[in-house]
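S.K.: What follows is each chain in one-letter form.
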Amino acid sequence: MFSLLRSMWLVFLHMFHKRETYQYPEQKAPLPARWRGRIALTRDPDGGERCVGCYLCAAACPVDCISLQATEAEDGRRYPLFFRINFSRCIFCGFCEEACPTYAIQLLPDYEMAEYNRQNLVYEKEDLLINSEGKYPGYNYYRVAGMAIQGKDKGQAEQEEPPVDIKSLLP
Amino acid sequence: MNTGHYWLVIGGVLFVLLNTAAGLIWLERRMLALWQDRYGPNRAGPFGLLVVLADTIKLFFKEDWIPPFADKVVFVFAPAVVVASVLMSFTVIPFAPNVVVADFNVGLLFFLAMSSMGVYSIVLGGWASNNKYALLGAMRGASQMISYEVFMGLSLMGVVVLSGSFNLREIVEAQRGGWYILPQCIGFLIFFIAGIAETHRLPFDIPEAESELVAGFHAEYSGMKFGMFFIGEYMGITLISAMVVTLYFGGWLGPAFLPPVIWFVLKTFVFIMLFILLRASMPRPRYDQLMEYGWKILFPLSLVNLMVTAAIKLISNE
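So the protein sequences, as listed, match chains D and U.
Numbering follows my numbering, in which position 7 of the first sequence is assigned residue number 18; successive positions increment by one, without gaps.
Numbering follows my numbering, in which position 40 of the second sequence is assigned residue number 851; successive positions increment by one, without gaps.
In case anyone wonders, no lab produced these hints; they're calculated from the structure.
Certain hints may be false.
Stated by the list, open to error - Each pair of labels, with its calculated beta carbon distance range:
#	chain 1	residue 1	chain 2	residue 2	range
1	D	Leu42	U	Leu825	48 to 56 Å
2	U	Ile868	D	Glu123	23 to 31 Å
3	D	Tyr127	U	Leu1069	52 to 60 Å
4	D	Tyr127	U	Trp876	23 to 31 Å
We put the CB at the ideal spot given by N, CA and C, even for glycine.
Whole structure, please, built from the sequences with the hints as guidance.
M.R.: Here it is as structure tokens:
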């Protein structure tokens, strides 16, 4: 009986405690920097697209919400002709971010994407591309990759030796 | 009392009661939220008060569905019983010296009879729904009723012995010398516990038990029929609070700087808040635990209370 009265009193005292509620539209919850929200395509420091159209994100996606078509520019860089994410399917698991070899696809702490029209949830490349390097500033895929593009031949990447001529005996 | 005054009282009581029942929806949600460190409904209107209006409009526009497997007549009839029986009980409650709908000589008996009618709506509603959860809820409602109804009546007899009347107005008048909460504190506790069980409120919402029985006896109800059960429950809270105030806390008696009706409303409000606080803090017992508790502890206790009260009354009269 005493414990019942005590618990009633303790519950009553909660009236004067601090509220736990965030009054959402006016007061937003603080999100961690690595919170998995809206997906964005980042750019490299030169302003070019990081995405090389490798399809790894589309393969990793458990709900198949990513579709893209890779193509190649004249300078030898690969880029996606179109890149489309259907956010009405996306479950914000972040697998695409983990799969991406060039740090192009990144999840941002932003979740306010509600739409009245379902079709508006399909984001095209123009909607996804952001003018930022995201969580990996200074990273440029073609500078560290061994692939030859216009203006950078094989062996000219950072921390890369010139290729060895295996048919020659000279040191 | 002339006829004009009479109709005014009836209209006023009905108006205040139905609005109180609606307002309690907001009050309960708001208070529960406060006691759980939340805000509760605070968007619609000032302090979220218009949430009551929104709820009512929603209930009216919901599909009023009667399941094809239900017993249609009883299914429609059941929700009306609870509201009607609670409203009938209110006729005998003296809100102020001259504000009472029916000044019965057996007002207390009338209250007991009418409030125990309320369980019919649970049993009939659960039976007519033809649904296993509803039936389980109805069965629990019946078992709960046979465990609390006896000591509920007996606990009130102490008050009757002290005041020498079944008339609620005379019971209030008899408390001018001192409220009955002091000589009848055990009777008050027993009646309050029985009252919680009577209104099927937490911790004794065993027939409803949404965590085990979906929604218990009203699992199949929707729209305004569900609304009737809801309104009946909230009016039941008001009724038990008003009865506790009338029988043990001096009804409309109080210092003269406030009119009697205000005293009555204030005291009733305190007990309504206590009901909500109980919901916020108590776990629900099993229904066999409630029966055991009722028959083995509260029933003998109320008998002892009655006997001791009667003995003291006899001795002090000689």
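S.K.: Return holds or violated for the Cβ distance of D:Tyr127 and U:Leu1069 against the range 52 to 60 Å.
M.R.: The hinted range 52 to 60 Å holds for D:Tyr127 and U:Leu1069, with Cβ atoms some 53 Å apart.
S.K.: D:Tyr127 and U:Trp876, beta-carbon distance inside 23 to 31 Å?
M.R.: Roughly 29 Å apart at Cβ, these two residues keep to the hinted range, so it holds.
S.K.: Is it true that D:Leu42 and U:Leu825 lie within 48 to 56 Å of each other by Cβ?
M.R.: This hint holds: roughly 52 Å between Cβ atoms.
S.K.: Just tell me: holds or violated, for the beta carbon distance of U:Ile868 and D:Glu123 against 23 to 31 Å?
M.R.: The hinted range 23 to 31 Å holds for U:Ile868 and D:Glu123, with Cβ atoms some 29 Å apart.
Figure legend: structure checked against the earlier numbered hints; every hint is met.
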